[in-house]
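A.B. asks: Take the sequences, apply the hints, and build the full model.
From first to last, the protein sequence lines stand for chains A and B.
Per numbering that gives the first Met the number 0, numbering through the first sequence is continuous, rising by one, with the last residue being 402.
Per numbering that gives the first Met the number 0, numbering through the second sequence is continuous, rising by one, with the last residue being 402.
Don't read these hints as lab results, they were simulated from the structure.
It is possible that some hints are incorrect.
Claimed, not checked - Label-pair ranges, simulated between beta-carbon atoms: (1) B:Glu150 <-> A:Glu291: 46 to 56 Å; (2) B:Ser330 <-> A:Pro267: 32 to 42 Å; (3) A:Gly284 <-> B:Gly402: 28 to 38 Å; (4) B:Met47 <-> A:Gly257: 22 to 32 Å; (5) B:Glu260 <-> A:Val277: 53 to 63 Å.
What the hints assert, rightly or not - Covered stretches of chain A, going by a simulated chain B footprint (3 or more residues, C-beta under 8 Å): (6) 125-133; (7) 380-390.
Model, not experiment: these values are computed from the prediction.
Ideal placement from N, C-alpha and C gives every residue a C-beta, glycine not left out.
Number of protein chains: 2
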Amino acid sequence: MSTILKGLRVTEVSAFIAAPLGGMTLAQLGAEVIRIDPIGGNIDYRRMPLSPTGASLYWTSLNKGKRSVTLALNTPEGQEIARALITGPGEEAGILLTNLPASGWMSHAALSRHRADLIMLRLTGNHDGSGAVDYTVNCASGFPTATGRDEAPVNHVLPAWDVAAGLYLTTGLLAAERQRRRDGQGREVTLALSDVMLATVGNLGYIADVQVNRNVRPPLGNDLYGALGRDFATSDGRRLMIVAISNRQWRAIGKATGLTERLAMIGPMMGVDLDTEVGRFDARGAIFALLEMWVGRHTLAEAGALLSAAGVLWGPYQDFGQLVAEDPRCSTKNPIFGMIDQSGVGRVLAAGSPLGFTDGDRLPPVPAPAMGQDTDAVLAEVLGMSSAQIGRLHDSGTIAGPG
Amino acid sequence: MSTILKGLRVTEVSAFIAAPLGGMTLAQLGAEVIRIDPIGGNIDYRRMPLSPTGASLYWTSLNKGKRSVTLALNTPEGQEIARALITGPGEEAGILLTNLPASGWMSHAALSRHRADLIMLRLTGNHDGSGAVDYTVNCASGFPTATGRDEAPVNHVLPAWDVAAGLYLTTGLLAAERQRRRDGQGREVTLALSDVMLATVGNLGYIADVQVNRNVRPPLGNDLYGALGRDFATSDGRRLMIVAISNRQWRAIGKATGLTERLAMIGPMMGVDLDTEVGRFDARGAIFALLEMWVGRHTLAEAGALLSAAGVLWGPYQDFGQLVAEDPRCSTKNPIFGMIDQSGVGRVLAAGSPLGFTDGDRLPPVPAPAMGQDTDAVLAEVLGMSSAQIGRLHDSGTIAGPG
Numbered sequence: 000m001s002t003i004l005k006g007l008r009v010t011e012v013s014a015f016i017a018a019p020l021g022g023m024t025l026a027q028l029g030a031e032v033i034r035i036d037p038i039g040g041n042i043d044y045r046r047m048p049l050s051p052t053g054a055s056l057y058w059t060s061l062n063k064g065k066r067s068v069t070l071a072l073n074t075p076e077g078q079e080i081a082r083a084l085i086t087g088p089g090e091e092a093g094i095l096l097t098n099l100p101a102s103g104w105m106s107h108a109a110l111s112r113h114r115a116d117l118i119m120l121r122l123t124g125n126h127d128g129s130g131a132v133d134y135t136v137n138c139a140s141g142f143p144t145a146t147g148r149d150e151a152p153v154n155h156v157l158p159a160w161d162v163a164a165g166l167y168l169t170t171g172l173l174a175a176e177r178q179r180r181r182d183g184q185g186r187e188v189t190l191a192l193s194d195v196m197l198a199t200v201g202n203l204g205y206i207a208d209v210q211v212n213r214n215v216r217p218p219l220g221n222d223l224y225g226a227l228g229r230d231f232a233t234s235d236g237r238r239l240m241i242v243a244i245s246n247r248q249w250r251a252i253g254k255a256t257g258l259t260e261r262l263a264m265i266g267p268m269m270g271v272d273l274d275t276e277v278g279r280f281d282a283r284g285a286i287f288a289l290l291e292m293w294v295g296r297h298t299l300a301e302a303g304a305l306l307s308a309a310g311v312l313w314g315p316y317q318d319f320g321q322l323v324a325e326d327p328r329c330s331t332k333n334p335i336f337g338m339i340d341q342s343g344v345g346r347v348l349a350a351g352s353p354l355g356f357t358d359g360d361r362l363p364p365v366p367a368p369a370m371g372q373d374t375d376a377v378l379a380e381v382l383g384m385s386s387a388q389i390g391r392l393h394d395s396g397t398i399a400g401p402g
Numbered sequence: 000m001s002t003i004l005k006g007l008r009v010t011e012v013s014a015f016i017a018a019p020l021g022g023m024t025l026a027q028l029g030a031e032v033i034r035i036d037p038i039g040g041n042i043d044y045r046r047m048p049l050s051p052t053g054a055s056l057y058w059t060s061l062n063k064g065k066r067s068v069t070l071a072l073n074t075p076e077g078q079e080i081a082r083a084l085i086t087g088p089g090e091e092a093g094i095l096l097t098n099l100p101a102s103g104w105m106s107h108a109a110l111s112r113h114r115a116d117l118i119m120l121r122l123t124g125n126h127d128g129s130g131a132v133d134y135t136v137n138c139a140s141g142f143p144t145a146t147g148r149d150e151a152p153v154n155h156v157l158p159a160w161d162v163a164a165g166l167y168l169t170t171g172l173l174a175a176e177r178q179r180r181r182d183g184q185g186r187e188v189t190l191a192l193s194d195v196m197l198a199t200v201g202n203l204g205y206i207a208d209v210q211v212n213r214n215v216r217p218p219l220g221n222d223l224y225g226a227l228g229r230d231f232a233t234s235d236g237r238r239l240m241i242v243a244i245s246n247r248q249w250r251a252i253g254k255a256t257g258l259t260e261r262l263a264m265i266g267p268m269m270g271v272d273l274d275t276e277v278g279r280f281d282a283r284g285a286i287f288a289l290l291e292m293w294v295g296r297h298t299l300a301e302a303g304a305l306l307s308a309a310g311v312l313w314g315p316y317q318d319f320g321q322l323v324a325e326d327p328r329c330s331t332k333n334p335i336f337g338m339i340d341q342s343g344v345g346r347v348l349a350a351g352s353p354l355g356f357t358d359g360d361r362l363p364p365v366p367a368p369a370m371g372q373d374t375d376a377v378l379a380e381v382l383g384m385s386s387a388q389i390g391r392l393h394d395s396g397t398i399a400g401p402g
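C.D. replies: Have a look at this one:
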């Protein structure tokens, strides 16, 4: 089994997407991830979409494979137990992952008094600590105004900044834990969601393009920038994307469509070298005119078969329903997927880690916990509490189990 | 200095976004990342956008802080040197990151004959090894048909799957290196770009929503799904995004706009509980009507000041030019940024790692290398070659330096 992070224990006090995704990513690689929530669940516990019985498909999908502990976090007693779990013993423990305001008992200063080598990962909105979420970061990024075909900005639906932030957190956590085993030092690792956006805008060349060329990338609809690619309608009312980023892929398009000679006429006609990405990008209008005609004469199945046979880089457009119904990659034929029985939801397809390791099979996907299902077990295992102690904490309302 | 990964040596044989971003992420945390390219550069070396002198702003932005070695990779001699660098000595070395076809001399089997504990990270398009890129993965994801307001699919401009894949690679690399120090074993770690997409679609609840509710999320324009949020036009022709995902944020909107009492009328009018996310989502049309009126009477600066003062979660829309010109977060006032002198480009703002560590300042951003600038130094340092040996390899065209 690919339990590559087996032994690592991470405590998570979180909500929404980025930090929970970070914790789940580690759990799917074999780490023990203990999510601590207030009794009844945190603010994200009932987010849409919901199952017919009211379970959040959002929450269950983002918290698979974790252990769930629920505490009265608004009381000193509940905070004390959370603190003990976070700073609990073990060379591979003492790691907190959070996106909640880390003040008072949950500040790095307060917690590290109880465990000097604590590693604390802290996600904030902005680097000055002010609030921001994916939606308020995305609007400022420049991407919405460069998306679509019109002047009106188009928001992304994929919370891409949250997803990237979750994976920066796992990277930072493993880097800090690696270094702790060398120098014995704990660390506070901070990440701002808007910094993830800003670094990425820069990493992709947009900042330099503005500064060096005074160029603000305009919206290009579904055209690729700087290469050849666009969507085309098929004869059966579907759409597909065709792309060429190498000369081999460009020649494959001619081969698949039988248009090699006609496509070659575009070079001299437009005065460009079609064996360069810049040339194909500049002449894309003419190229698209030919491809539009060709794709429009074929069904998705026909066009796809011809394109695949010739080695063209292409893909079908699918809505979420078609993805689940038609795409064999989105099924148990793909080793990342398995069927799970999710409490409150039923039997559903779920993914494990997309990372595969040669030393064995992947960890199969496992369901999210019921809220508080591991409270008693974790308090016994990590803090060595007796049943009597645990019983008294239940009686005082300091801890809760499921239901 | 936050050189948390100092000592780690990673060899990268890559092109485009995901694998180079993975390598750069490690370099920005202090790792030594040696990018090996064919003489003259790989297929991504001249990608748009270009500087006035023809340097790729795309390439320089995605390869900051690496060392560059150029070899005649199409010859046995060049391959032999690449193999020696990849499998070179050092407890923290012997790690390859690639998205190129890993066959022949670059297969895990061939390389691990020279270093049994080699860690090899390999990014492919699909899990069966077939090709796919961000654009052909995205069209299949379901997101383009759920983006925008119309039936026509809208491609994302941010290559979000590439960005996420790059960060899964860094996570997988650090996980495998952690385990190698425990069990001494090398590993091949595989990741398919389409699996990153599929796992994410599942992690966000879309697959379960289809399977459990037979619900295919329709496009909602710029409205948030399942919460309150949308874009609004200001009196000076700008736009801003207002969001509330908590009751505190919802009350802040009333406070900022002075509309608390009018907003409260919407609950009974629409028959919903406005103190729930579902209630606010269901009544969003009426809420937006009031907010649209209010925002439209203010400039961006006026509205922003009032919203910020009351603690509303909001953000301005900015194009890439406005982001660079107007947003103080995108400047050297933000500790992730610095000015660099990039060869062929000039003096530009660049980001280092968005991750910050308490044990010192962040590594300042550093430029991308000139192609081949480190060939001689790396061959001397890693392989212990003499100047005479290096000279002979230059003479035979097996290696090359810059220019």
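A.B. asks: Using C-beta distances, would you say chain B covers the stretch 380-390 of chain A, given that this needs three or more residues below 8 Å?
C.D. replies: violated (count 0)
A.B. asks: Count the residues of the stretch 125-133 of chain A whose CB lies closer than 8 Å to any CB of chain B, then report whether that count reaches three.
C.D. replies: Our answer is that it holds, as 5 residues pass the Cβ test (under 8 Å) against chain B, meeting three.
A.B. asks: Per the hint of 22 to 32 Å, is the separation of the Cβ atoms of B:Met47 and A:Gly257 within bounds?
C.D. replies: The hint (22 to 32 Å, Cβ to Cβ) holds, given that B:Met47 and A:Gly257 are roughly 29 Å apart.
A.B. asks: That 28 to 38 Å hint for A:Gly284 and B:Gly402 (C-beta), does it hold up?
C.D. replies: 37 Å, holds
A.B. asks: Starting from the range 53 to 63 Å, see whether the pair B:Glu260 and A:Val277 falls in it by beta-carbon distance.
C.D. replies: Because 59 Å falls inside the window, the suggested range holds.
A.B. asks: Return holds or violated for the Cβ distance of B:Glu150 and A:Glu291 against the range 46 to 56 Å.
C.D. replies: 18 Å, violated
A.B. asks: Starting from the hint 32 to 42 Å, judge whether the C-beta atoms of B:Ser330 and A:Pro267 obey it.
C.D. replies: 47 Å, violated
Checked against the numbered hints above, the structure breaks hints 1, 2, 7 and satisfies the rest.
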